[in-house]
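A.B. asks: So the sequences go chain by chain: E and U.
If you read the first sequence in our numbering, its first letter stands for residue 96, the second for the next number, and so on.
If you read the second sequence in our numbering, its first letter stands for residue 183, the second for the next number, and so on.
What the hints contain is simulated information worked out from the structure, not anything from laboratory work.
Every residue, glycine too, gets a C-beta built ideally from N, C-alpha and C.
There may be inaccurate statements among the hints.
[Unchecked claim] Ranges of calculated distance between the beta carbons of each label pair, as one might list FRET restraints:
#1 U:R285 to E:A105: 55 to 61 Å
#2 U:V382 to E:L274: 36 to 42 Å
#3 U:Y498 to E:T264: 53 to 59 Å
#4 E:F269 to U:R459: 57 to 63 Å
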Amino acid sequence: MKGGTLRVYAILYLIFLYAPIVLLPLFAFNDATIIAFPLTGFTGKWFGDLWQNAALGSAVRNSLFIASMSAVFATLLGICAARAGAMAEFPGKKGIIGFVMLPLVLPEIIVAVSLLIVLRQVLGLNLSNWTVIGAHVLICTPFSIAILNGAFQNLDPSIEEAAMDLGETRFGAFRLVTLPLVMPGIISSLLIAFTISLDEFIIAFFLTGSNPTMPVYIWGLLRFPAQLPVVMALGTILVTLSVLLLTIAEYFRRRGLARAGLKDTGGFL
Amino acid sequence: MTALIELRDVQKYYGDYHALRGIDLEIRQGEFFSLLGPSGCGKTTLLRTIAGFEAVSSGVVRIDGRDMHGVAANHRPTNMVFQSYAIFPHLTVAENVGFGLRRSKMTASEKSAAVEESLGMVGLTGYGARRANALSGGQRQRVALARALILKPKVLLLDEPLSALDKKMREQMQVELIRLQRQVGITFILVTHDQEEALVMSDRIAVMFEGEIGQLADPETLYRRPGSKRVAEFIGKMNFLPAEVTGIGSQIEVDVAGLGRGAIADEQAPAGARLGRATVGIRPETLAILFDGESTDRRVAQGRVDEVVYYGDMTYYDVRVPGVATPLTISMKNMIGRPVLEVGVETRVAWDERSLVVLPG
Chain E
96 MKGGTLRVYA ILYLIFLYAP IVLLPLFAFN DATIIAFPLT GFTGKWFGDL WQNAALGSAV
156 RNSLFIASMS AVFATLLGIC AARAGAMAEF PGKKGIIGFV MLPLVLPEII VAVSLLIVLR
216 QVLGLNLSNW TVIGAHVLIC TPFSIAILNG AFQNLDPSIE EAAMDLGETR FGAFRLVTLP
276 LVMPGIISSL LIAFTISLDE FIIAFFLTGS NPTMPVYIWG LLRFPAQLPV VMALGTILVT
336 LSVLLLTIAE YFRRRGLARA GLKDTGGFL
Chain U
183 MTALIELRDV QKYYGDYHAL RGIDLEIRQG EFFSLLGPSG CGKTTLLRTI AGFEAVSSGV
243 VRIDGRDMHG VAANHRPTNM VFQSYAIFPH LTVAENVGFG LRRSKMTASE KSAAVEESLG
303 MVGLTGYGAR RANALSGGQR QRVALARALI LKPKVLLLDE PLSALDKKMR EQMQVELIRL
363 QRQVGITFIL VTHDQEEALV MSDRIAVMFE GEIGQLADPE TLYRRPGSKR VAEFIGKMNF
423 LPAEVTGIGS QIEVDVAGLG RGAIADEQAP AGARLGRATV GIRPETLAIL FDGESTDRRV
483 AQGRVDEVVY YGDMTYYDVR VPGVATPLTI SMKNMIGRPV LEVGVETRVA WDERSLVVLP
543 G
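Please model the complete structure; the sequences and the hints are all you need to start from.
C.D. replies: Written out as structure tokens, the structure reads:
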């Protein structure tokens, strides 16, 4: 009964992965302040409380601003790096690309502490949304590069040359041929960088100034047990939003591959 | 007639690597010219320096009398068909073909007429609205041709355009390319490693080795009178026999080991002849097996069949002739009443001084 055992294992594995997340909406709609079974009744009031909370509103706006900015800058840097990686030859290329990808595996707590020291002690800057954006660009860029690498490496290097051969300038060739072909990758990179930045806690916790980001604010709420259901409601919204964004990102990544007529060689989803 | 393309002592270095070693070349207006050579010989680099994708390290490239130094690819009167075809996958066939007209002052209807004409030239009338992605290899090739020809370049550069096609398709496209070239009258420069393709298509061929031109000639001269052993080896099959040049007068006297003495004409030593050791080349089809009952006024040597390779229309025999160092490869047309010999059979080989080529070394 090898198939049966494997099936049980697969089901247990999925429960282990997703059961905690399923608890979020369960308690977000539960009519009780205490997070415990049995459930007492259905309510939407926690979502209503969420709406009324001005401090939370400001945290969400901060987060949206930081995530948008981080996504744009990380993607711009990613385009440059991925294009160089795919189309240019220069000495030490492999080493440099590897080095650029390193933040992907660095412990965030280390990055956060060292950035705090550099920003405050060395550069003497005040903490603000922009310090968080800088740090988030750092951690999002490797993801952008990884996604865009796929888009650029699938490109035939002759294709830009062909456009130049037919009378376009180097920039014209990039704009008319390369850009449309990697556009799905760019959209995918924007969405994933946005999601990463939106959820990120550790670095934001260290580097936010007087205005916390949403994850930092949520962490603050946890000290007040009465607020727990509100956190659950917020969590529900966040999970839904993340899944939605990642699905769209993956859709664009696959469409990009299909457009270039190529086989899928991986990705994040 | 003046040359359309003129290369003078063109050198190209990639770091320490010497890719082009002093290329001197003149290509005429309306010519079908091929750069032939093994991979890494510099033929594609040479093509790309003409196209403007590579800058020469030193030397001069002139197109139509104009020095191309500092002129970028988009300002040269050349267009290229890439090895991968480099079709823009996000555009339709018509948008691909019309890409080069973006910057022209033609009206929209003039442009679409030009696109249709160009598509018609390569036999793709009515394909304009299709997505370029949905085409077969042969069709992509035609789109690449139409796209390059629409700008009416002075020179069309073709970088191994047929290498991705299967054999049947390749042979068909060879004929079509020749027809197309005659029709448009544009100078074609073809890069290929396929000697047969070069022989079939070209008016003249430059055979390249290691960044240099080994020989530049028309296909027949290249095949019948190769200037070096290297060229002879690269183009077709050839038997090489050690020989000695014993006299140079109105004719050249050679003594071919195992076959005997003979007198040959001057042009049979394209690289010149010197007294002493030499190599003699003989093409397999200029030798013949004498079957039972056949006679000849050519010279005859006795041998024994060493190997038989049957091709259907042809049979290749390796025949060991006493005194000849390596077995002679002989190709024979298979005809009615002519048996395929077996290994080990004693046979007679007919040969002729007129088919010998004396090569240096």
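A.B. asks: Next step is simple, just say for each hint if it's right about the structure.
C.D. replies: Quick rundown of the hints versus the structure:
| no. | hint | verdict |
| --- | --- | --- |
| 1 | U:R285 to E:A105: 55 to 61 Å | holds (58 Å) |
| 2 | U:V382 to E:L274: 36 to 42 Å | holds (41 Å) |
| 3 | U:Y498 to E:T264: 53 to 59 Å | holds (55 Å) |
| 4 | E:F269 to U:R459: 57 to 63 Å | holds (59 Å) |
Violation of the numbered hints given earlier is absent; every hint is satisfied by the structure.
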